[in-house]
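Take the given structure of chain A and dock chain B to it, following the hints.
Listed in order, the protein sequences are those of chains A and B.
Under my numbering, the first residue of the first sequence carries the number 88, and numbering increases by one thereafter.
Under my numbering, the first residue of the second sequence carries the number -15, and numbering increases by one thereafter.
Keep in mind the hints are simulated off the structure, nothing from the lab.
Computed from a predicted structure; not experimentally measured.
For each residue, glycine too, the CB sits at the ideal point set by N, CA and C.
A portion of the hints provided could be inaccurate.
[Unchecked claim] For lysine-lysine, the following DSSO-like pairs were computed, each having C-alpha atoms within a straight-line distance of at most 27 Å:
| # | chain 1 | residue 1 | chain 2 | residue 2 |
| --- | --- | --- | --- | --- |
| 1 | B | K53 | B | K42 |
| 2 | B | K33 | B | K84 |
| 3 | B | K42 | A | K144 |
| 4 | B | K45 | A | K144 |
| 5 | B | K45 | B | K33 |
| 6 | B | K55 | B | K33 |
[As the list claims (entries may be wrong)] Okay, the calculated beta carbon distance ranges per label pair:
| # | chain 1 | residue 1 | chain 2 | residue 2 | range |
| --- | --- | --- | --- | --- | --- |
| 7 | A | I99 | B | Q94 | 26 to 36 Å |
| 8 | A | R142 | B | H(-7) | 25 to 35 Å |
| 9 | B | S2 | A | L170 | 25 to 35 Å |
| 10 | A | P95 | B | Y11 | 10 to 20 Å |
| 11 | A | R150 | B | L30 | 46 to 56 Å |
| 12 | B | H(-7) | A | T167 | 29 to 39 Å |
| 13 | B | E72 | A | N164 | 41 to 51 Å |
| 14 | B | S(-13) | A | R142 | 15 to 25 Å |
| 15 | B | I(-4) | A | T140 | 43 to 53 Å |
| 16 | A | P148 | B | G13 | 27 to 37 Å |
| 17 | A | E139 | B | E(-1) | 42 to 52 Å |
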Amino acid sequence: KAGVTQTPRYLIKTRGQQVTLSCSPISGHRSVSWYQQTPGQGLQFLFEYFSETQRNKGNFPGRFSGRQFSNSRSEMNVSTLELGDSALYLCASSSRQGVLENTEAFFGQGTRLTVV
Amino acid sequence: AQSVSQHNHHVILSEAASLELGCNYSYGGTVNLFWYVQYPGQHLQLLLKYFSGDPLVKGIKGFEAEFIKSKFSFNLRKPSVQWSDTAEYFCAVNSGGYQKVTFGTGTKLQVIP
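With the rest of the complex left out, here is chain A (with noise of 0.2 Å):
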């Protein structure tokens, strides 16, 4: 079974620009979750999908914003980049159904991310 992909492993970006990452889950999970790892923060919850619906929001401004599609792909945007967005992007999916269900959360290598 393929584990969590995530595209692109390595982007670029300048201040002010917008980026578009992508995550394709294990085949059969439905839900999708991103995490920000930085090495002052650690990992940061971002926002969970399932279903093409956003379950759970982390702390982070407007700016980053996240959708699934009917076959659980994920996209995570993030706008008017700032310096500070330069991290590792990491996609988790998990076969969880319910709302509370325990799975645990499989992790893709991660896109990372440099704002110049």
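Coordinates of chain B only, in the frame set by chain A:
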């Protein structure tokens, strides 16, 4: 809001030494607990998880963790580390099935041959 504290930021051990990494969380309700590992240049991988039942959990590669509810702790242990265990270890928690996982700041483990 839930939070996770990892007390050791950087640990250096010789091969065959025993390992214990501390993890404490703050949340009063039902929690699910995880330890993830990130080897250099690789993605986060699940080492072990606790949802319910036996508080002593065994994971991959000889790792185990013990959930002590009264101490809000979930410490990771391994009796004898190997050079290949050099990695960053993250303790994580989510509550009541919600997929928002809160991670600790991570512990970098360096094992010297």
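Exercise. Taking the beta carbons of A:E139 and B:E(-1), is their distance inside 42 to 52 Å?
Worked result: Holds: the Cβ-Cβ distance is about 49 Å, inside 42 to 52 Å.
Exercise. Can the restraint linking B:K45 and A:K144 be considered satisfied, given a maximum Cα separation of 27 Å?
Worked result: The hint is violated at about 34 Å.
Exercise. Holds or violated: B:K53 with B:K42, Cα cutoff 27 Å?
Worked result: holds (17 Å)
Exercise. Taking the beta carbons of A:P148 and B:G13, is their distance inside 27 to 37 Å?
Worked result: holds (28 Å)
Problem set entry | Satisfaction of hint between A:K144 and B:K42, Cα-Cα up to 27 Å | Cα-Cα ~31 Å, so violated.
For this session: Can you let me know if the beta-carbon spacing of B:H(-7) and A:T167 is within 29 to 39 Å?
Result: holds (33 Å)
Exercise. Per the hint of 43 to 53 Å, is the separation of the Cβ atoms of B:I(-4) and A:T140 within bounds?
Worked result: holds (46 Å)
Exercise. Okay, B:S2 versus A:L170 on CB: inside 25 to 35 Å?
Worked result: violated (42 Å)
Problem set entry | Outcome of range test on Cβ distance (A:R150, B:L30; 46 to 56 Å) | violated (31 Å)
Problem set entry | Distance restraint evaluation - A:P95, B:Y11, Cβ atoms, bounds 10 to 20 Å | Cβ of A:P95 to Cβ of B:Y11: about 36 Å, so the range 10 to 20 Å is violated.
Exercise. Straight-line Cα separation of B:K45 and B:K33 no greater than 27 Å?
Worked result: holds (14 Å)
For this session: For the pair we were handed, B:K55 and B:K33, check the Cα-Cα distance against 27 Å.
Result: Holds, at about 18 Å.
The structure does not agree with the numbered hints 3, 4, 9, 10, 11, 13 stated previously, though it agrees with the rest.
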